[in-house]
Amino acid sequence: MTQRPNLRDLERLKRHFHIMHRIRAFEEEAERANRDGRVGGAVHLSIGQEAVAAGVCSNLRREDPIVSNHRGHGHTIAKGAEPRAMMAELMGRAAGTCGGKGGSMHIADFKVGMLGANGVVAAGIPIAVGAAQALRLRGADAVVACFFGDGAVNRGPFLEGLNWARIYDLPVLFVCEDNGFASTTRTKSVTGGPGPGPRAESLGIPAHEVDGNDVARIDELAGELVARLRNGKGPQFLWAKTYRLKGHTAADPARYREAAEVEARWQDDPIARLRALLIELGVAAGELDALARAARGEIEDAVAFAQSAPFAPAEAAFGDVQDVGAPQP
Amino acid sequence: MTQRPNLRDLERLKRHFHIMHRIRAFEEEAERANRDGRVGGAVHLSIGQEAVAAGVCSNLRREDPIVSNHRGHGHTIAKGAEPRAMMAELMGRAAGTCGGKGGSMHIADFKVGMLGANGVVAAGIPIAVGAAQALRLRGADAVVACFFGDGAVNRGPFLEGLNWARIYDLPVLFVCEDNGFASTTRTKSVTGGPGPGPRAESLGIPAHEVDGNDVARIDELAGELVARLRNGKGPQFLWAKTYRLKGHTAADPARYREAAEVEARWQDDPIARLRALLIELGVAAGELDALARAARGEIEDAVAFAQSAPFAPAEAAFGDVQDVGAPQP
Amino acid sequence: MNTISYLEASTLALRQEMERDPLVWALGEDLGRGGVFGQYGDLQRRFGPARICDTPISESTIMGAAVGAAMMGTRPVVEMRFSDFALCAVDELVNQAAKARFMFGGQAKVPLVARLPIGMWRSSAAQHSQSLESWWTHIPGLVVVAPSTPADNHALLRAAIRCDDPVVYHEHKDLWGLKGEVDERAEPARLGEARILRPGNDVTVVTWSKTVHVALEAAALAGSPSLEVIDLRTLWPWDRATVFGSAQRTGRLLVAHEAVRVGGFGGEIAAEAAEQLGVKVRRLGAPRIPIAYAKPMEDQARITAAAIAAAARLLLG
Amino acid sequence: MNTISYLEASTLALRQEMERDPLVWALGEDLGRGGVFGQYGDLQRRFGPARICDTPISESTIMGAAVGAAMMGTRPVVEMRFSDFALCAVDELVNQAAKARFMFGGQAKVPLVARLPIGMWRSSAAQHSQSLESWWTHIPGLVVVAPSTPADNHALLRAAIRCDDPVVYHEHKDLWGLKGEVDERAEPARLGEARILRPGNDVTVVTWSKTVHVALEAAALAGSPSLEVIDLRTLWPWDRATVFGSAQRTGRLLVAHEAVRVGGFGGEIAAEAAEQLGVKVRRLGAPRIPIAYAKPMEDQARITAAAIAAAARLLLG
Ligand SMILES: Cc1ncc(C[n+]2csc(CCOP(=O)(O)OP(=O)(O)O)c2C)c(N)n1
Ligand SMILES: Cc1ncc(C[n+]2csc(CCOP(=O)(O)OP(=O)(O)O)c2C)c(N)n1
Ligand SMILES: [Mg+2]
Ligand SMILES: [Mg+2]
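Protein chains in written order, with the numbering used here: chain Y, 241 to 569; chain C, 241 to 569; chain E, 528 to 844; chain P, 528 to 844.
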């Protein structure tokens, strides 16, 4: 059950509601566009996991970087990126956040501190700790949030990166989005021991388990942890238990799990839960519907924008490679 | 203080005494030979750590493989390799265990189940779990012991390999020889959290701390753990706390630590401790001296053998590369 | 003879080798559900989870465990999903697999097959599209294979599995669906043998993997010079006799590959031919750019039939 | 002008760049005690542990953290100890450092310098002797450098640190002790410029790193043809103008390197020269064998002055 939020304020919850709807709408459009070919490549949807992105990022400032994994749309939106530029990226347009060079799997928006999704599982972890180290060298007091999945805790960089953050006391919030799966494999079946949290603890990093579908609780906990980071208390680990409601990619029918299991999990949809909470707190259904519609409208606008935006010229493939010894078209 | 051994028998302790002296003598000769150029490359001495090799390997059968790291002479001798062939390897001779191709850092003797030292820290861990998996596929009931240092627990393969052993329930005894250093760095200063044992526990592997200079206790504990492995109880972790009495390599004067610290640690020399215990148990000093002399004699014989053994012909460099597409001299 | 796909040919090959030798097994992520491209089919149901082994996302240990398992006398087939992810396992492949036999003076061999699917597929951007086969040719101890047809994926994979050396085996992601005739009872191929797919008089075109099909297309283009198209099939060892024989006949050698031209394996073959035969040489490969997501930019990294024909014309002078 | 060693030249270069730019820093194992070869000297005492950062044995994260730190505007110098250990950090170097700028559409650059000491030193066997510089030339986004003298190690390291691209910087372990004149106030080198070290008429010899000294020795051998010795200094970008200019003059090009010949960077240069200029080419490199421990076998992997002279004679003859 959703816990009674130790409320900061109702407006904050409504903002979460808006952002989570924006993520949901963005990914539903991306899914559709991937199926009909307007968006290419592998598209990893975070539908069902929106509460983690919203709850964590709402505690970050624009100058606090985040590092993401392959499932990065939600983090990017929650960090404040423009849906137009994001959808343009997914459609490979010059107006995309990466000029069409990255696509969904490499979405990034450095303007808002989003240092990139990544096609290699766990590769973002070392990048995040290095970013934190650089910020310290530069005298900035920003903090870094690093998102990864439960599958990433079985790769070496998980150990190396967390140890690194600990020994240098870096202000990094590690966020493990435990959605139960690594592609088609149930992560539990390939993960020894008691799981991500205890692994972090064994590396000296305090771990905090949280219901990953409860945005109010995530927001509150992330707020506490980010405050600790800002107070120089060293790295923190957030273990958010959630569920991947869609397949691994938009093209994955996910036949390796029962329809009934997925259906049951839809009952725990973080957006529906937040809606119920807000109604319980006295917000009018009409106001919420308006917020949801607004979010949907923003995304429809983004799709329209992206579809009519031009592609970068083919020769742009020769740009952004390197300064010294740059390739010639 | 050395614990009263829950004695299997006195003969066993005397065998340890002999083997530990053999290791000590071998490495003292290797050190000398490295200084005067008879042995080349980097030579990593395990002087002060002999109890771990002796205590663990005495519980293994010939067909139980071990995998080692760069500091592998002790493990190799304790597993039963011939000092002559070993010293010949260090001197690069054709009669060496690897025909002179490996040298100290790649010493190996497959005949006695010694699958190799390794020049890459932590690289032996995945190899060890794979060896265990292969043994299971082949229906063998052998167990594998994997030796590595306290520096190796900060590399990714530590996490990956231990997790692997856990999820497939492989009979691997992980032996962390915690000698306080990784080259010139005190390992504590770069290791977050409570250390190797708790890291193993967080991966679901029972960890057992032991005084790494107490061969009787190591033998006993390793005996218990190997029995568990043979009974299908899954992987085990032995965390042996010891000290590297010499420099990182035979060429390292180790100026990064005080002479007083090293001197104090010599008081805890595992060989001296074992000698004191045996005397306390009533063994005559003369008998022990004879054992030590015998060990020293075997090594002197090995040096003499190696020095007079021929080098492999230069063209042997073209052998053992590959079958398909083999290089031509 | 059956008409099956390049993907199915690999499933068949692995199945046959697993039936033949109980010490052949495979390990990698999601293999129980067929693997990321379905190339492991229902093999786990057939052989059980110990021989079709689902692993965690632990590339270093997938490769490293295979090294240990190979040294202990089994024949692991290592699935890396995308050749890009093998970059997480390079110590294990290069410092361990390739060198163990030598370092240990021949005490053990390392008969593993590392499957590293290469190449551009569709809009997969810079971390899922690479072709780095030339790297492995530079590493003593490794055998390097890159089949272009279903029949070869069957015959070469079986040969790779029986080979006592570590083999880096490159399937091309854009060929999975390619259909062709496969004789299930055929002998495994001999590693190191190229094949002349199309005779020609003017220019010898040496190529492998997907670019074989592009070269055949080029040869069929109206106005193209007469191209002799050689599918190299194995990059190490490469079939010098066949390549040199053809190049000597035509007097002109073009090497074409999808990988980046600079530092690509085309340089090795062209340099050898220039050095040993003195024939005219030319190379085609991708420009030195990462592979972009958006199609117009992505296409800049593709070698086209027109480009091959044009390069051949330049050689003709 | 001071006469200092190749090693000291690198310490000086790093010190000067750290004094000049507070965002230059270094990370790696044991740097506080000077690094494995002493090349970090007393820099930690001078600049503190945040800028000369002692790390755990975590190559993936040493390189990966540098990528993050470089994207955030600092200039990390990454110490890998032995180029062999960089094989534990290839995803980070190739999939991340080299591609980040491109994948993210130019939103960030990755100005890191990865120091990968290469080469045979003394009896260090197969895992501590490799030269894999050709690999990095194949990777779009990377700059590749290999200095052969103290002056160049000073001037090129400073240039590498100021470069906005990721630079793979290869020092040769056998050159640490080499002494030479270094002008502390000299400008940093320009990356991509080769240098003709010795003029000659018969054969252009292109080489880099330690083999430069072997080539000079070959040129001085009695009975050797007249060799024009070019130190390439930077492998990517390589100085085509200087190499081609010389090769056109002599009509003969020999590329010699310590790395394995098959798949080595010699193939790239020889193929380009054959293709573009039609000059006679030849390559020298190590046989395709791992490097053995025992000296007689180890020496089989060495390129000698006599071998260079003989290869040059073959080109002439
Ligand atoms: C190093 C590496 N290995 C394998 C893959 C293929 N892959 C992409 S996503 C994924 C599953 C990741 O699971 P998790 O970390 O839990 O994230 P989730 O997909 O559940 O969000 C895998 C195996 C990869 N991208 N990188
Ligand atoms: C991947 C890798 N990084 C660095 C090194 C260099 N190196 C060799 S031994 C060593 C220290 C290892 O420490 P530990 O594991 O504690 O073993 P010990 O030397 O103390 O026995 C280092 C850093 C290496 N061989 N491999
Ligand atoms: Mg997951
Ligand atoms: Mg140690």
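Just so you know, the hints here were simulated from the structure itself, not pulled from any lab data.
Don't take each hint at face value.
[What the hints assert, rightly or not] In silico negatives: residues of chain P with every beta carbon more than 12 Å from chain E: (1) S532; (2) R628; (3) R649; (4) G668; (5) R689; (6) G704; (7) G707; (8) D710; (9) E714; (10) R725; (11) A768; (12) G793; (13) L843.
[Unchecked claim] For each label pair, taking beta carbons as the anchor points, the in silico distance ranges come out as: (14) Y:E520 to C:R470: 34 to 44 Å; (15) C:E498 to P:R573: 20 to 30 Å; (16) E:E714 to C:A380: 37 to 47 Å; (17) E:R829 to P:R767: 40 to 50 Å.
[Stated by the list, open to error] With a Cα cut of at most 30 Å, we get these calculated DSSO-like pairs of lysine-lysine: (18) E:K636 to Y:K486; (19) E:K822 to P:K700; (20) Y:K428 to C:K473; (21) P:K822 to E:K636; (22) C:K254 to C:K351; (23) C:K486 to P:K700; (24) C:K351 to P:K822; (25) C:K486 to P:K636; (26) Y:K351 to E:K822; (27) E:K700 to Y:K486; (28) C:K428 to Y:K473; (29) E:K700 to C:K351; (30) Y:K254 to Y:K481; (31) Y:K351 to P:K700; (32) Y:K428 to Y:K486; (33) Y:K481 to Y:K428.
Don't be surprised by glycine CBs; every beta carbon is placed ideally from N, CA and C.
So, going through the hints one by one against the coordinates:
no., hint, result
1, S532, "holds (29 Å)"
2, R628, "violated (9 Å)"
3, R649, "holds (17 Å)"
4, G668, "violated (6 Å)"
5, R689, "holds (22 Å)"
6, G704, "holds (26 Å)"
7, G707, "holds (30 Å)"
8, D710, "holds (33 Å)"
9, E714, "holds (27 Å)"
10, R725, "holds (23 Å)"
11, A768, "holds (17 Å)"
12, G793, "violated (7 Å)"
13, L843, "holds (14 Å)"
14, Y:E520 to C:R470: 34 to 44 Å, "violated (59 Å)"
15, C:E498 to P:R573: 20 to 30 Å, "holds (23 Å)"
16, E:E714 to C:A380: 37 to 47 Å, "violated (32 Å)"
17, E:R829 to P:R767: 40 to 50 Å, "violated (25 Å)"
18, E:K636 to Y:K486, "violated (44 Å)"
19, E:K822 to P:K700, "violated (45 Å)"
20, Y:K428 to C:K473, "holds (20 Å)"
21, P:K822 to E:K636, "holds (24 Å)"
22, C:K254 to C:K351, "holds (25 Å)"
23, C:K486 to P:K700, "holds (25 Å)"
24, C:K351 to P:K822, "holds (25 Å)"
25, C:K486 to P:K636, "violated (44 Å)"
26, Y:K351 to E:K822, "holds (25 Å)"
27, E:K700 to Y:K486, "holds (25 Å)"
28, C:K428 to Y:K473, "holds (20 Å)"
29, E:K700 to C:K351, "violated (42 Å)"
30, Y:K254 to Y:K481, "holds (22 Å)"
31, Y:K351 to P:K700, "violated (42 Å)"
32, Y:K428 to Y:K486, "holds (18 Å)"
33, Y:K481 to Y:K428, "holds (13 Å)"
Of the numbered hints given earlier, the model fails hints 2, 4, 12, 14, 16, 17, 18, 19, 25, 29, 31; all others are met.
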